[in-house]
Structure formats: C-alpha cells, structure tokens
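2 protein chains.
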Amino acid sequence: MSVALLGKPCADKIFENVSKGLQGRNAALYTLGFDDPQWKQYVSSLSRNAEKCGVNVNAVFLRPDVSAQTLCNYVKEACAQTDAVGVLVEQPLPVVYREAYSFIDISLDVDCLNPLSIAALYGNKSGFRPATPSAVVRLLDFYGVELEGKHVVIIGRGGVGKPLALMMLNRNATVTVCHSKTVNLAEVCRSADVLVSACGVPSLVTNEFVTEKTVVVDVGLNFDKGKTCGDVSSDCTKCSAISPVPGGVGPVTRAILFENMLKAFQAK
Amino acid sequence: MSVALLGKPCADKIFENVSKGLQGRNAALYTLGFDDPQWKQYVSSLSRNAEKCGVNVNAVFLRPDVSAQTLCNYVKEACAQTDAVGVLVEQPLPVVYREAYSFIDISLDVDCLNPLSIAALYGNKSGFRPATPSAVVRLLDFYGVELEGKHVVIIGRGGVGKPLALMMLNRNATVTVCHSKTVNLAEVCRSADVLVSACGVPSLVTNEFVTEKTVVVDVGLNFDKGKTCGDVSSDCTKCSAISPVPGGVGPVTRAILFENMLKAFQAK
Chain C
0 MSVALLGKPC
10 ADKIFENVSK
20 GLQGRNAALY
30 TLGFDDPQWK
40 QYVSSLSRNA
50 EKCGVNVNAV
60 FLRPDVSAQT
70 LCNYVKEACA
80 QTDAVGVLVE
90 QPLPVVYREA
100 YSFIDISLDV
110 DCLNPLSIAA
120 LYGNKSGFRP
130 ATPSAVVRLL
140 DFYGVELEGK
150 HVVIIGRGGV
160 GKPLALMMLN
170 RNATVTVCHS
180 KTVNLAEVCR
190 SADVLVSACG
200 VPSLVTNEFV
210 TEKTVVVDVG
220 LNFDKGKTCG
230 DVSSDCTKCS
240 AISPVPGGVG
250 PVTRAILFEN
260 MLKAFQAK
Chain G
0 MSVALLGKPC
10 ADKIFENVSK
20 GLQGRNAALY
30 TLGFDDPQWK
40 QYVSSLSRNA
50 EKCGVNVNAV
60 FLRPDVSAQT
70 LCNYVKEACA
80 QTDAVGVLVE
90 QPLPVVYREA
100 YSFIDISLDV
110 DCLNPLSIAA
120 LYGNKSGFRP
130 ATPSAVVRLL
140 DFYGVELEGK
150 HVVIIGRGGV
160 GKPLALMMLN
170 RNATVTVCHS
180 KTVNLAEVCR
190 SADVLVSACG
200 VPSLVTNEFV
210 TEKTVVVDVG
220 LNFDKGKTCG
230 DVSSDCTKCS
240 AISPVPGGVG
250 PVTRAILFEN
260 MLKAFQAK
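Residue numbers (numbering that gives the first Met the number 0), protein chains in the order written: chain C, 0 to 267; chain G, 0 to 267.
Hints in this document: simulated from the structure, not taken from any laboratory. Fair warning: this is a prediction, and the values are worked out from it, not measured in the lab. Be aware that a few hints might be false.
As the list makes no split between identical chains, a pair holds if one copy fits it or if it spans any two.
Calculated lysine-lysine pairs in the DSS-like style (CA-CA distance at most 27 Å, straight line) [to be verified]:
{"#": "1", "residue 1": "K267", "residue 2": "K19"}
{"#": "2", "residue 1": "K124", "residue 2": "K180"}
{"#": "3", "residue 1": "K212", "residue 2": "K75"}
{"#": "4", "residue 1": "K262", "residue 2": "K237"}
{"#": "5", "residue 1": "K180", "residue 2": "K212"}
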C-alpha cells in the first residue's frame with residue numbers, strides 16, 4: 000500500500016506564512032478573463048483562499064466580443080494599481096488575445112505567463128515560476144523526496160510537463176519527458192524514481208508503470224462519470240507513494256500562487 | 000564499424016541554397032563582441048562562409064571598458080541597417096552586458112539570443128532557433144535518422160542540451176536529459192536510439208555508452224593536447240553511426256546561421 004502525498008498539510012503551511020505576511024497589508028490580486036464557467040469557478044475558488052490570506056480579489060470578466068486591445072489595456076491598468084501583488088490572465092487564451100500576457104508586469108506575473116518570465120524560467124534566472132510545476136516540486140520537498148541524481152519521468156509536454164522538466168533539471172534530476180508518441184511508455188515509466196503524470200488521460204498510469212520504489216505525483220485533473228480523477232488508475236497501488244486527486248497537487252498549486260503574491264509584495 | 004555522419008554534404012546543400020538566395024542582394028551580417036581571440040576567430044570563420052554566400056560582414060570589436068549602454072546602442076544601430084539580415088552578439092557575455100541581447104530585433108536574431116526568441120522556442124512558436132541544436136536535428140534529418148517515437152538521450156543541459164531537448168520534443172521524440180549529476184550515465188545512454196553529447200568532456204562517451212543500434216551525435220568541441228576533439232572517445236566504434244569532430248555538427252551549425260539569414264531576408 001502506497002503512502003498518500005496529501006497536499007493539505009503542505010498547502011496549510013504555505014498559507015499560514017502568506018497570511019502572516021499579507022493580512023492587513025492592502026494587497027490585491029487582479030484577474031482578467033472571459034465570462035466562462037470554468038474560469039469563473041477558478042477565480043471563485045481563488046477568492047476563498049484570498050479571503051483567508053487577507054488578499055482582495057478584483058476580477059474582471061470580459062464579454063466574448065471584447066478586442067485584444069481592450070484586454071491589453073485592462074492588463075496594463077491592473078499592473079498600475081498600487082495595491083496589486085499579482086495579475087492573473089486566463090489561460091489558454093485564443094491566439095488573437097495572447098499578446099495580453101506580454102503586458103503583465105513581470106514583478107506581478109505570479110503564474111509565469113509573460114514570455115520574459117518564461118525566458119527567465121528557461122534560463123534559470125530569478126523570476127516567478129508557474130504555480131502547478133512549482134507545486135509538484137514543493138510537494139516532493141515537503142515529503143522529503145530526494146531529487147538530485149534521481150530519474151524523474153514526466154508524462155506530458157504541455158503547460159506543466161515542459162516547465163517541470165526545466166525545474167527538475169535545475170534540481171539536478173535526470174529528466175525524461177514522455178508523451179503520446181512515446182513507445183513502450185510503461186517500460187520507460189518503470190525506470191523512474193519519481194513519476195509525474197500531467198497528460199490528462201484518466202487511469203493511464205497503472206501498476207505496470209511503477210515499481211515498489213516509485214514515487215508518483217498525479218497532476219491530472221479529469222472528470223470521469225461526474226467524478227474528479229487524475230491520470231493514475233485507482234488500482235495503481237504498488238508504488239511507494241502517490242499524490243491523490245483531488246487533494247494532492249491542487250491545493251499546493253493555489254498556495255504557491257499566493258506565496259508568489261507574498262514575494263511580489265515583499266519585493267515592492 | 001560505425002557510419003560517419005559527415006557535416007560537409009549537409010552543410011554544402013544548405014550553403015548552395017543560401018547562395019542562390021543572397022548573392023547580389025546586398026545582405027549583411029552585423030556582429031558585436033569584444034576584442035578577444037576566440038570571438039575574433041569565430042567571426043573570421045563566419046566571414047569566409049559569408050563571402051561564399053555573398054553576405055557582407057560588419058564586425059564591431061569592443062574595448063573591454065565599453066559600457067553596457069554603448070553595446071546596446073551598437074545593437075540597436077545594427078538592427079536599424081537596411082541591409083541587415085542578421086545580428087549576432089558574442090555569447091556568453093558578462094552579466095552586466097546581457098541586456099544587449101534584448102535589443103536584437105527578433106526578425107534578425109539568427110542565433111536565438113533575445114529572451115523573446117527563447118520564449119518562442121519554448122512555446123514552439125515561429126521564430127529563429129539556435130544554430131547548434133538546429134544543426135543536430137538537421138544532420139540527423141539529412142542522414143534519414145527517424146526521430147518520432149525514438150528515445151533521444153542528451154548529455155548536457157546548457158546552451159545546446161536545453162534547446163535541443165525542446166526541439167526533440169517538438170519532433171515527437173521521447174527525450175532524456177543527463178548531466179554531471181546523473182547516476183549510471185552509461186546505462187541511461189545505452190537506452191538511447193539517438194545519443195547526443197553536448198557537455199564538453201573529452202572522451203566521455205565510450206563503447207560502454209552505446210549499443211550496435213545507437214546513432215551518436217557529438218557536439219563537443221574540446222581541445223586536448225593541441226588537437227580538436229569531441230566528447231566521444233575515439234575507441235567508441237560499436238555504435239551504428241557517429242558524427243565526427245571536427246567535421247560533423249560544426250559545418251552544419253554555420254550553414255544554419257546563414258540559412259537563418261536567408262529566412263530573415265525573405266521575410267523582409
């Protein structure tokens with residue numbers, strides 16, 4: 000039976016520290032996105048965290064016919080606010096709107112959306128790292144999982160897999176990135192000390208993908224028959240440790256976002 | 000005995016095409032760097048290629064006491080020239096000068112030095128890719144080495160290894176990045192279909208690192224007892240194919256730089 004890498008204790012510790020630093024400091028998160036249910040739900044979930052940290056949330060929900068210019072202006076306006084400690088823009092955005100990311104001041108770019116923040120991530124220079132891959136690393140650190148010299152296998156080369164690969168390299172792990180075109184996926188995964196799945200395929204990772212020593216982090220967030228589930232099958236029980244979905248990486252991701260806001264505040 | 004993946008036939012083909020496109024077109028490469036022997040030698044070697052392609056080279060060699068502001072101004076000036084089809088700035092530069100890369104117009108950034116070009120590489124968006132990793136991919140393509148679904152192992156996570164990892168992912172390879180902290184390096188390398196060494200350690204890669212099926216690309220450029228050599232030991236003969244040093248990736252790298260200049264010219 001594998002150990003559960005629960006996100007809550009890790010997230011609680013981060014939130015406690017953020018609360019101390021931001022309560023009563025007139026700090027605000029600015030969010031900009033369209034008036035669609037998924038983004039609204041995300042902002043609403045962030046608002047609950049924000050309240051506990053003493054962060055105000057200023058959310059703008061745009062009409063679908065808004066121009067790219069208008070969105071860019073909103074972003075610039077948000078960045079100019081004296082109480083701003085973070086500016087979040089919905090992602091992914093349709094191509095025509097993407098220039099908006101470039102207008103996020105990198106000192107407020109708490110989820111690493113501006114191309115200049117991405118270049119800093121790539122170059123291992125100072126700057127904000129995206130919240131989800133940061134949460135994977137933090138969760139592993141919290142549970143004392145060694146990364147240096149270990150073989151980290153990542154399934155997925157998208158918005159989580161790619162930055163995570165770079166971050167794991169910076170932690171001196173040997174990194175393999177797998178994806179839909181990988182041959183012998185299960186076999187490659189079995190060579191991992193740490194296996195991270197971030198591909199959004201429900202129940203992809205089975206016992207065949209792991210050994211008794213594998214530590215598994217499940218970054219999948221899928222909906223199957225009305226239930227939230229990850230990329231890891233429920234019968235994947237052989238591995239030494241595994242992060243559940245929900246309740247694993249998710250809470251830590253939100254905590255990291257607010258920790259980034261604390262850093263933005265402290266750097267002012 | 001392994002097949003030699005010679006760079007010359009691949010480079011010749013590229014240069015032929017570049018010559019056709021740039022001869023008599025009043026195209027110029029602008030280079031900016033310090034007055035040090037290595038950079039001067041590189042510029043002089045580029046000048047020989049440039050002459051054959053009909054590209055003028057305008058080289059500025061800076062005094063060591065020049066300010067970052069002055070270098071930035073030179074870069075801006077170079078980008079403003081109507082005949083410019085490429086602007087190259089010495090790399091690596093001391094930290095204080097690095098902002099100069101940001102002033103290279105991305106339409107002339109033929110070696111992918113501007114952070115915005117790097118973000119485009121990361122995001123697999125259109126833009127120039129760095130010449131050396133591009134040359135690795137091109138050399139493999141030239142010799143018909145399949146990449147999709149193959150396991151590409153890269154030794155090195157620096158200025159070649161990192162962009163190459165991203166480019167190989169975009170080519171649907173499964174990618175492993177190894178480095179100085181990798182445990183069981185030879186064993187990991189033996190799992191490769193394609194092994195690329197870009198770490199600058201002479202004779203690191205031996206027969207122990209390969210199988211009879213491995214295709215090896217040697218990106219090392221080392222100097223040992225006055226002789227140029229790569230990262231692959233001369234007694235690594237078991238693999239199916241190998242690119243020599245000198246005469247492998249190097250000539251293709253310079254060809255790719257000029258091909259990028261042709262692209263810059265065509266996009267004007």
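Structure-based check of all given hints:
no.	hint	in the structure
1	K267 <-> K19	within (17 Å within a copy, 55 Å between copies)
2	K124 <-> K180	between (31 Å within a copy, 20 Å between copies)
3	K212 <-> K75	neither (49 Å within a copy, 55 Å between copies)
4	K262 <-> K237	neither (39 Å within a copy, 53 Å between copies)
5	K180 <-> K212	both (26 Å within a copy, 20 Å between copies)
Violation of the numbered hints given earlier is confined to hints 3, 4; the remaining hints are satisfied by the structure.
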